[in-house]
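Residue-level listing of the chains:
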Amino acid sequence: MRIVEKAQLMSASEIDRTLQRLAHEIVEKSGGTKHLALIGIRRRGVPLAQRIAQAMRGIDGVDVPVGTLDITLYRDDLSKVASHAVLQSSDISFGVDNMDLVLVADVLYTGRTIRAAMNGLFDLGRPKRVSLCVLIDRGHREMPIESQFTGRVVQTSPTEIIEVRLREIDNEERVVLVDRVD
Amino acid sequence: VTHRFRDLLALEPLNADELTFLLDQSKPFQEIQRHPLKKLATLRGKTVALAFFENSTRTRLSFGTAASRLGADTMNLQAEASSLKKGESLLDTVHTLDAMKPDCLVLRHAASGAADFVARHLDIPVINAGDGTHEHPSQGLLDALTIRDRKGSIANLNVTILGDIQHSRVARSNIHMLGKFGCRFTLCGPAMWVPRELEKIGAPGVSIRRVFRIEEALEGADVVLVLRVQTERLHEPALSADDYILLYQLSGERLRRAQPDALVLHPGPMNRGIEITPEVADSAQSCVLDQVTNGIAVRMALLFLLTAGDSENAEHPAAEVQAPKNRRSTDVKDPSHASR
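These protein sequence lines map, in sequence, to chains Z and P. Sequence positions in the first sequence follow my numbering and run 1 to 182. Sequence positions in the second sequence follow my numbering and run 183 to 522.
Accuracy of the hints is not assured; some may be wrong.
For each label pair, taking beta carbons as the anchor points, the in silico distance ranges come out as [what the hints assert, rightly or not]:
#	chain 1	residue 1	chain 2	residue 2	range
1	Z	F122	P	A373	42 to 50 Å
2	P	R240	Z	R21	49 to 57 Å
3	P	H217	Z	P144	23 to 31 Å
4	Z	M1	P	K221	38 to 46 Å
5	Z	V86	P	S294	54 to 62 Å
6	Z	S131	P	S294	34 to 42 Å
7	Z	R126	P	D443	36 to 44 Å
With a cut-off of at most 25 Å between alpha-carbon atoms, the simulated BS3-like pairs for lysine-lysine come out as follows [claimed, not checked]:
#	chain 1	residue 1	chain 2	residue 2
8	P	K209	P	K221
9	P	K221	Z	K128
10	P	K283	P	K382
11	Z	K128	Z	K29
12	Z	K6	Z	K128
13	P	K283	Z	K128
Among chain Z residues calculated to face chain P with C-beta under 7 Å, some are [unchecked claim]:
#	residue
14	L78
15	L87
16	S89
17	D123
18	L124
19	I169
If you're looking for bench data, these hints aren't it; they were derived computationally from the structure. We put the beta carbon where it would ideally sit given N, CA and C, even for glycine.
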């Protein structure tokens, strides 16, 4: 089986513009940033959350706290992945009670990662509201989960993979659609 | 670097990378101890067998709490209540436990090598929770984690170990752990408990010296590990409790010879007023309660590493053929051979 690149979905500047727009949307819909906090889901949700927070600084001049969440312990498919799962630390240094939290992920697919992230969040307290922000929504949901802030909706087939490559992690900056071919 | 740990029987065969990996994997579980809701569902449906053939309250409680916070169930075997008294062999007893289908066995036994022996006969992962005078690996890990948290690093420290080192698996596991990071050891206690052969128990190149005056042993120490004195081993005329206190008790005055920021560790339970004064035990330098909290985190990490994902209900049993068992004395299996 080979992995072939089929298309580029976003360039670096498109990613940047999309994150700017998402930052504006979050501030607008949240009616203020007082109780707002972003939670990046490891791994690529973390730099995305940091960049959105950076963009918010330019809009509202306020620092929105950013936390990171590792969902490994909450996955429902641990029996398949655990033999090579490496735990990362979660780092949420603020209390989540009564907060308006926005989970940030790179790709929304089955919804299982978000389900796991919510389980993790609720072990920390009782947020007032949790919403979801993703760069790409590729469909094929297996859970009743939707994003409130969506960068782009992409129609995909189940064999296709969306790779969000970010300079902080991948040393390049673009979103590509790849496919598995026999 | 990821490793697939099959069992955890001893720290001696593990290298610095593997030990660092185990400490790093304990970190997320330390955070969970601070959560308002500490219970995970990660090991839901798994069963951890706790087989304690020797008295232990804290280690068993710690492993039991670790299992329960991961969502696993526990089976408890206590020596007193078991058929050991009726003459059943160790192997028969663990085979009986194994037939109840636990996913992991945590074993404490008075015989050195018991965990290794049992692991060679069982297909499930085995965690050594103390075997005779050999090793107590989870204690070595939690001590190192405690030191690393407080000092920022476990590299190149001067570690003084006080007490009955000859009979101490805690001392051995600490030497095998910290010795891999360049720590130097000073062993101090009554001569009968600090025989010359202890100088050779570390890996080649690990500095271990014996010193019989406690004041000299504490000079410049970064870490002082105080061992529990088995009071039944103190007796006239060899050594009375009063003599022990006079010669080897860690007091505040003696501790001042160590580095000003020296840490004091004790595996518990403490004999206050025998091997350690209440002043030292309750001082800011004492890490005793951190050790207890970290013990749960380390044991959660071990149970997670050894039991998560080894479910017999894995979704593609046909695709993942069980690797033939080929146990060696080393506990770490090459990840490429471990998938099942």
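A quick look at each hint next to the structure:
Between F122/Z and A373/P the beta carbon distance is about 58 Å. The supplied range of 42 to 50 Å is therefore violated. The given range of 49 to 57 Å is respected by R240/P and R21/Z, whose C-beta atoms sit roughly 55 Å from each other. Range check, H217/P to P144/Z: Cβ separation about 26 Å, and the 23 to 31 Å hint holds. In this structure the hint that M1/Z and K221/P lie 38 to 46 Å apart at CB holds, the actual value being about 40 Å.
The beta-carbon spacing between V86/Z and S294/P, approximately 33 Å, falls outside the hinted interval of 54 to 62 Å. A hinted range of 34 to 42 Å for the beta carbons of S131/Z and S294/P is inconsistent with their spacing of about 57 Å. Taking the beta carbon of each, R126/Z and D443/P are about 40 Å apart, inside 36 to 44 Å as hinted. Using a Cα cut-off of 25 Å, the hinted pair K209/P and K221/P holds, with the two alpha carbons roughly 16 Å apart.
Restraint check for K221/P and K128/Z: satisfied, since their Cα atoms lie roughly 22 Å apart, inside the 25 Å limit. As the CA atoms of K283/P and K382/P are separated by approximately 41 Å, the hinted pair breaks the 25 Å bound. Our distance criterion of 25 Å between C-alpha atoms is met by K128/Z and K29/Z, whose separation comes to about 15 Å. Proposed proximity of K6/Z and K128/Z is contradicted: the alpha carbons are some 41 Å apart, above 25 Å.
Taking the CA atoms of K283/P and K128/Z, the gap is about 43 Å. The hint is violated against a cut of 25 Å. Annotation: L78/Z was flagged as interfacial toward chain P, and the flag holds, the nearest CB pair being 5 Å apart, inside 7 Å. Below 7 Å, beta-carbon pairs count as interface contacts, and L87/Z has one with chain P at about 5 Å; its hint therefore holds. A cut of 7 Å between beta carbons decides the hint on S89/Z: the least distance to chain P is about 5 Å, and the hint holds.
Because the beta carbon of D123/Z sits about 4 Å from the nearest beta carbon in chain P, less than 7 Å, this interface hint is met. Hint on L124/Z holds. Least Cβ distance to chain P is approximately 6 Å, under the 7 Å limit. The interface hint given for I169/Z is broken, as the beta carbon of that residue sits about 18 Å from the closest beta carbon of chain P, more than 7 Å.
In summary, the structure is inconsistent with hints 1, 5, 6, 10, 12, 13 and 19 from the numbered list given earlier, while agreeing with the others.
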